[in-house]
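Protein chains: 2
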Amino acid sequence: MSLKGKVAFFVTTNFHKFSEARHVLAEHGVATAMLRIEAIEIQDDNLEGIAKASVRDAVEKSGLPVLVEDAGLFIDALKGFPGPYSSYVYRTLGTRGVLKLMEGTDKRNAYFYSVIAFHSPERVSPKCFHGKVEGRITLNEQGNQGFGYDPIFEPRGGAGITFAEMTTAMKNRLSHRAQALRKFAVWYRST
Amino acid sequence: MSLKGKVAFFVTTNFHKFSEARHVLAEHGVATAMLRIEAIEIQDDNLEGIAKASVRDAVEKSGLPVLVEDAGLFIDALKGFPGPYSSYVYRTLGTRGVLKLMEGTDKRNAYFYSVIAFHSPERVSPKCFHGKVEGRITLNEQGNQGFGYDPIFEPRGGAGITFAEMTTAMKNRLSHRAQALRKFAVWYRST
Chain A
1 MSLKGKVAFF
11 VTTNFHKFSE
21 ARHVLAEHGV
31 ATAMLRIEAI
41 EIQDDNLEGI
51 AKASVRDAVE
61 KSGLPVLVED
71 AGLFIDALKG
81 FPGPYSSYVY
91 RTLGTRGVLK
101 LMEGTDKRNA
111 YFYSVIAFHS
121 PERVSPKCFH
131 GKVEGRITLN
141 EQGNQGFGYD
151 PIFEPRGGAG
161 ITFAEMTTAM
171 KNRLSHRAQA
181 LRKFAVWYRS
191 T
Chain B
1 MSLKGKVAFF
11 VTTNFHKFSE
21 ARHVLAEHGV
31 ATAMLRIEAI
41 EIQDDNLEGI
51 AKASVRDAVE
61 KSGLPVLVED
71 AGLFIDALKG
81 FPGPYSSYVY
91 RTLGTRGVLK
101 LMEGTDKRNA
111 YFYSVIAFHS
121 PERVSPKCFH
131 GKVEGRITLN
141 EQGNQGFGYD
151 PIFEPRGGAG
161 ITFAEMTTAM
171 KNRLSHRAQA
181 LRKFAVWYRS
191 T
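Taken in order, these protein sequences are the chains called A and B.
According to the numbering used here, the first sequence is numbered sequentially starting from 1.
According to the numbering used here, the second sequence is numbered sequentially starting from 1.
Each statement offered as a hint is correct.
As the list makes no split between identical chains, a pair holds if one copy fits it or if it spans any two.
Straight line, CA to CA, 27 angstroms or less: simulated DSSO-like cross-link-like pairs of lysine-lysine:
| # | residue 1 | residue 2 |
| --- | --- | --- |
| 1 | Lys132 | Lys79 |
| 2 | Lys100 | Lys79 |
| 3 | Lys6 | Lys61 |
| 4 | Lys6 | Lys183 |
The set of hints was computed from the structure by calculation and includes no laboratory data.
Bound-form chain A, shown alone:
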């Protein structure tokens, strides 16, 4: 393993997401830069398929070693909805719409899933890393940290509070994204 710092370019337009990623990767000696380019996003019920297509496109456009993350909230009672379309659903229905869909439902289990895809001009194909956190959908919004569905997601093992009630450091101990990023960082430092 090299002790010299390595750099990876994280393709996103979401500063919250980038900020979480930078913290986790810094702890593992990987420096991160935010790369604001428009990478293609395909429709696929499988997050890995979406992330791989995006990261290939991002490498083609930038010529850099890049990371792409695709993540989603999968709610059991809604057959996995909003899943791969979590971002669009957040922009239209918001957390309130999701809470409305869950009205009268006792089955509140859900999970966040994250796929980190890494690719570079030297590689033949992208490499993927996965993270998952189980939890439940709360009855109301709680907290104002984080972003997206954080105020309505209470992770298992999180002392009964939502992601939006945690600091970034607390969230990163549990989150799907941090898990996937740590796996990436360990691998990247070893290459």
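Guided by the hints, dock chain B onto chain A, whose structure is given.
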């Protein structure tokens, strides 16, 4: 305009959609074959962008003159949801989920929008045709004809019944898809 029949390959895995298209195109002297290939579908809030990317991919894979349709139901009170993701939302939430989201809402206007993209190996870029039908979301499901959101969509000018209460011939007089297909057929016969 040529009087000889022309053929177009309609890329879809949805037999209902193909059947509607075949009726409309036949009336305009265009014969249609159903082409079951997997064309890429991108995530985009704009249906035309999705249809163009798909039809380019379909021509690359098949080497044939092909049609792709992308359509969506856009509900005003839900900021356009389910829009470009209507098919995924139908498979997960279904019409009942959409009705639940609309509970307590008086603002029930919505529209169906269709984009038909045509492309062939000889063309430089795809050509698009559009159709739109305004209407409202009903309070309950009505009828069992058609497919998708037809049981909860009452088109304007349709005598107060839903698409699912109409025969294919009646639906084709009003529908977004039929409008776009007719525009395509007129153009295609003239080329």
